[in-house]
Each structure stands twice: as structure tokens, then as C-alpha cells.
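Throw the hints in and build the complete structure from the sequences for me.
Per the working numbering, the sequence shown runs over residues 1 to 185.
Hints in this document: simulated from the structure, not taken from any laboratory. By construction, the Cβ of each residue, glycine as well, lies at the ideal position given by its N, Cα and C atoms. Keep in mind that a hint or two might mislead.
To be verified - Pair ranges (Cβ atoms, derived):
hint	residue 1	residue 2	range
1	83	179	47 to 57 Å
2	132	38	16 to 26 Å
3	114	94	29 to 39 Å
4	168	33	27 to 37 Å
5	168	112	17 to 27 Å
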Amino acid sequence: MRRLVLLLLALGLTVGLTSGLVGSAPTALAHDVLEKTTPGDGTTVDRLPADVVLVFSQEPLEIGLQIIITGPAGNAAEGLATVQGREVRQAIAANAPAGDYTVAYRVTSDDGHPITGSFGFFARTGLDGSTATAGPTVAAPAALDPEAEEAKDSQFVPIALTAAATLIAVGLVVVIVLRTRRRVT
1 MRRLVLLLLA
11 LGLTVGLTSG
21 LVGSAPTALA
31 HDVLEKTTPG
41 DGTTVDRLPA
51 DVVLVFSQEP
61 LEIGLQIIIT
71 GPAGNAAEGL
81 ATVQGREVRQ
91 AIAANAPAGD
101 YTVAYRVTSD
111 DGHPITGSFG
121 FFARTGLDGS
131 TATAGPTVAA
141 PAALDPEAEE
151 AKDSQFVPIA
161 LTAAATLIAV
171 GLVVVIVLRT
181 RRRVT
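Take a look at the structure:
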């Protein structure tokens, strides 16, 4: 009878651990996501702004922060990107001309997960006063989809946590059964 009680206790512990770990996993894996950019992806602006702004769902870390702005004349970024709350800002060079721009970014979310991607926009007037007419837009490099990365992570981790909890519970059952057998003999 005692053996059955111990076995049921171990089984209850397994169920409790597994449901607690799997139930809390999606919350723990909620990575930051890019919510908004200024200028917006695929938009046309009358005048090139002095900087680009990326707004994330949570405050990103400054570790590994990199914003690359590429325009008609090549690199258009000036200085280092800065983090202000949930916003990341990167200044654009004062001599940047009108035309197509691509912004590639890499930031580290507050949970340490890297977020990368890119977006593009067109400026009719550059900071240098030049003008351009919108022609066929060169497609920006495909951005990594943070939600797809999160979905991939969120499928793996609960399975791994469930497997670990099950192994621990089976180990506990084996230990209990062995101790019970030693006492009986």
C-alpha cells in the first residue's frame, strides 16, 4: 500500500511539474518584436528624415546593437545607434541624397534573444537637397520574422521541459521502488 502511495505521489509530482513548466513556457518565451518603424516599411516620404526610428515591444539591450542604413550613395548612417526606452534611433548623414533606402537592424531583446530584419523606404528629397522620382523600388533583403523565430522556439522548449520533467519523475519512481525493495528484503 505504501508503495502505491509513493508511486501516486511521484506521478502527481510529474503531472504538476510538467503542467507548470509547459504552462509557463509561452510567457517566458515572449521575445521582443519590432512594432513600428519611422519611416514605415515600403513608404515614400517627401523629405529624408534626420534619423530612422525602430520601436520594439519591450526595451532592447544595447549589447550587439547595429543599424545599417544603405542609400543611393552607400552607407548613410552617421554615428552609433542609441536606445531610448523601447525606441532605437540611428542618425542619417547630413549629405544623404534622395532615393531608395534600406535599413538592416540587429538588436538584442531584453531576454537576450537577437532580433534581426530589414525594411525599406523611398525619399523624394534628400538631406542634401537633391530630389528623386520613385522608380522601380529595389526590394530590401528579406527580414527575419521574429514571430516565426518565436514560434520555432516555443515549440521546442515545452517539449524539452516536458521530457526533462518526465525523466526526473521516472528517476524518482525508480529510487522509491529501489528503496522500498531494500526495506522489504
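Each hint, compared with the structure:
no.	hint	in the structure
1	83 / 179: 47 to 57 Å	holds, 55 Å
2	132 / 38: 16 to 26 Å	holds, 20 Å
3	114 / 94: 29 to 39 Å	holds, 31 Å
4	168 / 33: 27 to 37 Å	holds, 33 Å
5	168 / 112: 17 to 27 Å	holds, 26 Å
Hint compliance for this structure: every hint is met.
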